[in-house]
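Given next are the chains, with one letter for each unit.
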Amino acid sequence: MSIYIHIPFCSSICSYCDFCKMLKNNQYIDKYLKALEKEIKEKYQGEKVKTLYIGGGTPSSLSLNNLQKLFSILKIFNLDKDCEITFETNSEDLTKDKINYLENKITRLSIGIQTFNKNIINLLNRKLNVDNIKSAFKAFENVNIDLMYGFQNQTLEDLKKDLNKIIKLNPKHISTYCLILEPHTKLYIENYKPLDGDIERKMYDLIVKTLKENNYIQYELSNFSKKGYQSKHNLTYWNNQNYYGFGLGACGYIRNVRYENTRSLNEYLKGHFILNRENLSLKETIQNEFILGLRKTEGISKKIFKTKYNLDIKQIKGVKELLNENLLLENKTNIYINPKYLYTSNEIFIKFI
Amino acid sequence: MKQENIRNFSIIAHIDHGKSTLADRILELTGAISEREKKDQLLDNMDIERERGITIKLNAARLNYHYKNEDYIMHLIDTPGHVDFSYEVSRSLAACEGAVLVVDAAQGIEAQTLANVYLALENNLTIIPVINKIDLPNADIPKVKKELINNLGFKEEEIILTSAKTGEGVEKLIHAIIERVPAPNGSPQEKLKALVFDSYFDAYKGVVALVRIKEGTLKVKDKIKFMATNATYEVTELGFNNPKPQSTEKLKCGEVGYICASIKSISDIKVGDTITLENNPASEKLPGYKPMQPMVFCGLYPTETNKYPALREALEKLKLNDAALEFEPETSEALGFGFRCGFLGLLHMEITLERLEREFGITHIATSPSVIYKITKTDNEVIYIDSPAKMPDRQKIKVIEEPYIKTNIYVPSEYIGSIMELCQNKRGTYISMEYITSSRVNIHYEIPLSEIVYNFFDKLKSSTKGYASFDYDIIGYKPSDLVKMDILLNGKVVDALSLIVHKDFAYNRGKSIVYKLKEIIPRQLFEVPIQAVIGSKVIARTDIKAMRKNVLAKCYGGDITRKRKLLEKQKEGKKRMKMIGRVEVPSEAFLAVLNIDEEK
Chain G
1 MSIYIHIPFC
11 SSICSYCDFC
21 KMLKNNQYID
31 KYLKALEKEI
41 KEKYQGEKVK
51 TLYIGGGTPS
61 SLSLNNLQKL
71 FSILKIFNLD
81 KDCEITFETN
91 SEDLTKDKIN
101 YLENKITRLS
111 IGIQTFNKNI
121 INLLNRKLNV
131 DNIKSAFKAF
141 ENVNIDLMYG
151 FQNQTLEDLK
161 KDLNKIIKLN
171 PKHISTYCLI
181 LEPHTKLYIE
191 NYKPLDGDIE
201 RKMYDLIVKT
211 LKENNYIQYE
221 LSNFSKKGYQ
231 SKHNLTYWNN
241 QNYYGFGLGA
251 CGYIRNVRYE
261 NTRSLNEYLK
271 GHFILNRENL
281 SLKETIQNEF
291 ILGLRKTEGI
301 SKKIFKTKYN
311 LDIKQIKGVK
321 ELLNENLLLE
331 NKTNIYINPK
341 YLYTSNEIFI
351 KFI
Chain F
354 MKQENIRNFS
364 IIAHIDHGKS
374 TLADRILELT
384 GAISEREKKD
394 QLLDNMDIER
404 ERGITIKLNA
414 ARLNYHYKNE
424 DYIMHLIDTP
434 GHVDFSYEVS
444 RSLAACEGAV
454 LVVDAAQGIE
464 AQTLANVYLA
474 LENNLTIIPV
484 INKIDLPNAD
494 IPKVKKELIN
504 NLGFKEEEII
514 LTSAKTGEGV
524 EKLIHAIIER
534 VPAPNGSPQE
544 KLKALVFDSY
554 FDAYKGVVAL
564 VRIKEGTLKV
574 KDKIKFMATN
584 ATYEVTELGF
594 NNPKPQSTEK
604 LKCGEVGYIC
614 ASIKSISDIK
624 VGDTITLENN
634 PASEKLPGYK
644 PMQPMVFCGL
654 YPTETNKYPA
664 LREALEKLKL
674 NDAALEFEPE
684 TSEALGFGFR
694 CGFLGLLHME
704 ITLERLEREF
714 GITHIATSPS
724 VIYKITKTDN
734 EVIYIDSPAK
744 MPDRQKIKVI
754 EEPYIKTNIY
764 VPSEYIGSIM
774 ELCQNKRGTY
784 ISMEYITSSR
794 VNIHYEIPLS
804 EIVYNFFDKL
814 KSSTKGYASF
824 DYDIIGYKPS
834 DLVKMDILLN
844 GKVVDALSLI
854 VHKDFAYNRG
864 KSIVYKLKEI
874 IPRQLFEVPI
884 QAVIGSKVIA
894 RTDIKAMRKN
904 VLAKCYGGDI
914 TRKRKLLEKQ
924 KEGKKRMKMI
934 GRVEVPSEAF
944 LAVLNIDEEK
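If you read the sequences in order, they're chains G and F. Okay, so the first sequence: first residue is 1 according to this note's numbering, each after it adds one. Okay, so the second sequence: first residue is 354 according to this note's numbering, each after it adds one.
In isolation and in its complexed conformation, chain G is listed as follows (with noise of 0.2 Å):
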C-alpha cells in the first residue's frame, strides 16, 4: 500500500499554484493535525506501506514542534523495513534544526526549486536559499529537485542555465513541470500569456536530450532519475495501483474507488473529510491503466496486463490500431509509446476514452 499525507500550509503563495494550500496559520496547525489523525484512523486498516509522501502545500513550512507532532502520527503505519518517505521542501525552509530533525525519519527529500532565475522567481512569488540547498545535498543522499519551464520570454539557454545549476547538484531524481495555467492562480488572473506550444516543445526536446547526457533515465512523461532511483510512491499512480491519501483534499484509491476530499478546511476540521467518491467501473479502470501507464516510458506490461484484467491488451479497442501507426511501439515484454509522440499523448490518450 502507498500513502499520501498533504499538508496545506505554505509560508507564501506560488503565482501558479492550483494545489489545496493556504498561508501558514499556526492557529489551525494544531486543530488540523488533529484531525487528520482521525481521518488516518477512520480509513487505515493496518496494510503494510511500502511507500509514503507527505506533499503539500509545503509540508517543510511547519514548525519542529509541529513536525514532531505529525511524525508521531504517522508512527500508527505499519511500514515495510525498505519504506520510501518522501518529504517536499521549499528551500527557504530547510534550516539546520529541520535538516537534522528530518534526517533519520525519511528517506527522500524533494526540494522545489523550479529556476534559478531570479526575475522569474520573483514573478513566481517564490524563494531562494542556495546555501540551505546544499545542507540538505550533504544531509539527504536521495534528492529530487523540481524544475518549472514555458515562462514568458524565457529562452532556452535560460533554460539550458537552469539545467546545468540542477546537474552540478547532482540529485538523484529531476521532476520537470511546463507552467500550466490553472484557473484561479494569480498568473491566470492577471492573464499572463503561456509560452508558445512549438517553443516549449523545443524546451522538453532540451531537457530530455540533457539529462539524458547527463545519465538521468527518463522513466515518465516528465520525471528522471539516476538509475535505480525512480519515485516508487509516484509509480504506484502511473502502474493505477491503490493508495490511501490523508489530509485537506488529497485523493485516494482503494479497491475500485477513488475518492477525493474536502478542500474546505472547516469542513475537514469537522471530520467531513471526504467530498466525493466514483466507483470505477471495469472500462473505466482499463482506460486509467492506459491513461496512467502510457506515461511511463517502459509503457505497461503486456503480461501484468493480462494478470490484472484477464484480458489481452491487444483486444482492448485502439492498441493494434495506434502500434499500426507506430504511435504505439511494442518489444517482448511491454506497450509504449513511441518517444516522438510522448508529448502529444493526450492525442493517443484520447483513443482509449
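The hints are all genuine.
EDC-like, lysine to aspartate or glutamate: derived pairs with alpha carbons at most 16 Å apart:
| id | chain 1 | residue 1 | chain 2 | residue 2 |
| --- | --- | --- | --- | --- |
| 1 | F | Lys-916 | G | Glu-284 |
| 2 | F | Lys-922 | G | Glu-347 |
| 3 | F | Lys-916 | G | Glu-347 |
| 4 | F | Lys-916 | G | Glu-278 |
| 5 | G | Lys-283 | F | Glu-921 |
| 6 | G | Lys-351 | F | Glu-921 |
| 7 | F | Lys-918 | G | Glu-284 |
| 8 | F | Lys-907 | G | Glu-182 |
| 9 | F | Lys-924 | G | Glu-284 |
| 10 | F | Lys-918 | G | Glu-347 |
| 11 | G | Lys-193 | G | Glu-182 |
| 12 | F | Lys-898 | G | Asp-196 |
| 13 | F | Lys-928 | F | Glu-941 |
| 14 | G | Lys-351 | F | Glu-925 |
| 15 | F | Lys-902 | G | Glu-347 |
| 16 | F | Lys-927 | G | Glu-347 |
Since the hints were made in silico from the structure, they are not lab data. Just so we're clear, the structure is a prediction, and the values are computed from it rather than from any experiment.
Position chain F relative to chain G; hints supplied.
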C-alpha cells in the same frame, strides 16, 4: 357574406421594412387576436423565421371588419421576403386583388421593394403604398415620398403613413384596403378553379393546401382533382385561419382557406396548381403555374456515419413542409453515405441546414454549394450536372455552360465603385445603371450564379457597409471556361472538396482554399500537405505543420480524475471531426470555399 364585401390582399416589402409588425397590428385592430394572445409577429411560425426576421412559409389569415355599416371579410396573405422564394411570392400575390407595399421611412426603396412591385403589377394588383416606421428619428418622409412618386409612379395622395410600432395610421390603412382594393371577380356558379398558393404538413390532417377560390364553390366531401399532377382526393375538411384554424362547410368564390383531403404526399400538391372538381372539371388551369426548380445544390453527410438513416428521416420530414427541397442519395469517398440536396437558393439552403441541426439534432457536414452546369460532350450529348463529382473527363467536354443571373443592386451612389469592383471580381458583365434618386442607383450586371453562391452576399454587405440591397433574376445558360479543381489532403483527393471554377480564377481560388484549410484543420501528429490541383497540375500547396504539444505535463495521485475529464473534453471536441484518411477534418472545412478571401 357577399362576394363584394371580400378583400384579399398581401403585404409586400423589402426585408426588415416592418411587414410582419404591420401584419400583427392589422390582426389586432380587426380583433383577430386579443392583446393577451399577442405574440410578436404572429404569422411567422418557425423559430428561425422569428430570429432572422424573415418569413419563409406563407400564411393566410381571415379578418372580420365592420366599416360604414357593412361587414367585411379580409384575407391577409403573408409572403416570404426573400429572392429565393420569389415564385412562392408570385403565387400568393396571384391569390389577391391588392397589395400593401411597405417602405421603410428611413431606408426608402430597396431591391426587393421593386422586385415585389413588379410581381404585384404582373398580377394586376391594386397597390397601396405605405411609408412605415414614421416614428423613427431618422425617418425622411419627404424623400421616401419622392422615391415612390418618381420611381414607381404613385400619386402623393395615395400614400399612407404608418407606424406599425405605435399603431399610427394602421386604421386608415385598413379603410384604404376596403375602399381601394376591388372585390374578387368570378362566380360561385362557375366550374371550380382554386389556386394553390401554399401547402404544409400537419401530423393529424396530412398535407394541407392553402387555396384561393377563383371560380365556383368547394364543399366538404367534394371529389377534387389537382390539374397539374392529376391527383384526385375527397375533401375531408375545409376551413380558414382566424388566425386559428376554424372549419367550415364550404369555400366560395373569392374566399381564401385551407383544404384537407387525407393527402399523404406533399409532392402531389404543387404551389401554383389549380384544383377543380373531378366530375365537373374546369377546362383549363389558372395561368402562371411552373414547377419549382432548385438552383443550388450541396452534398449533405452525417458527421457520425451511423446517423445516415436519421438524416434521411429528417430530410423526409422537412420535405413534408417544403416542396422545394430535393434530395437523393449520394456517396462520397471522403464522407461516406449522404445526400445531394437541391435548394431554391442560398438562404433556403442555410435555413434547411440550420433546421436539421436545431430541430432534429443531427450534426452534419455540408459540402460547398454548386449550381447546375450544362455540359455538351464531344459526342454532342448534353448533360446537366449538380456536383463536381459528376464532371466528365476534360477530353470528353466540348462546352460547359453555367446559369447566369441579372442583378438589381440598390446602393447609394458613393458605393458604385465598390459594387463594380465586386461584380468584376465575380466575373460580372456590366449591363446598365439607373439613378433612382440623385444619390441612389440600381446597378445591373450579368453574373454567373455560381459566383453569387460563393460569398457574394457577405462581400456585398462588407463593401457597402450594409447599404446595398440585392435581388436577381435567372436569365439562362452561357458558356464559360470552367475547370474542375481537386483538393488533396495528405496526397489524396478529397472528393467532397472538389469544385468547379473559372480557369482565370483557379489559381487565386486554389491558393485561398489551401490557406483557408490550413487555418481550419488543426495540426495532426504528422505534417499534412494540402494541394489544389487541376488535372495533374498542382496550382497551390501549403503544409499543416505537425502538432508539437498536447500533453498533461504532470499527473499525480490527486490529478487523475480531473485529467480524465480534460481528456474527455478533448474527445468531445473531436466529435465534429471527420476522419479523411488519417487526417481529422472539422466539418466546417467542407464549406471553406465559401469563406475565402480572394484578395489575400
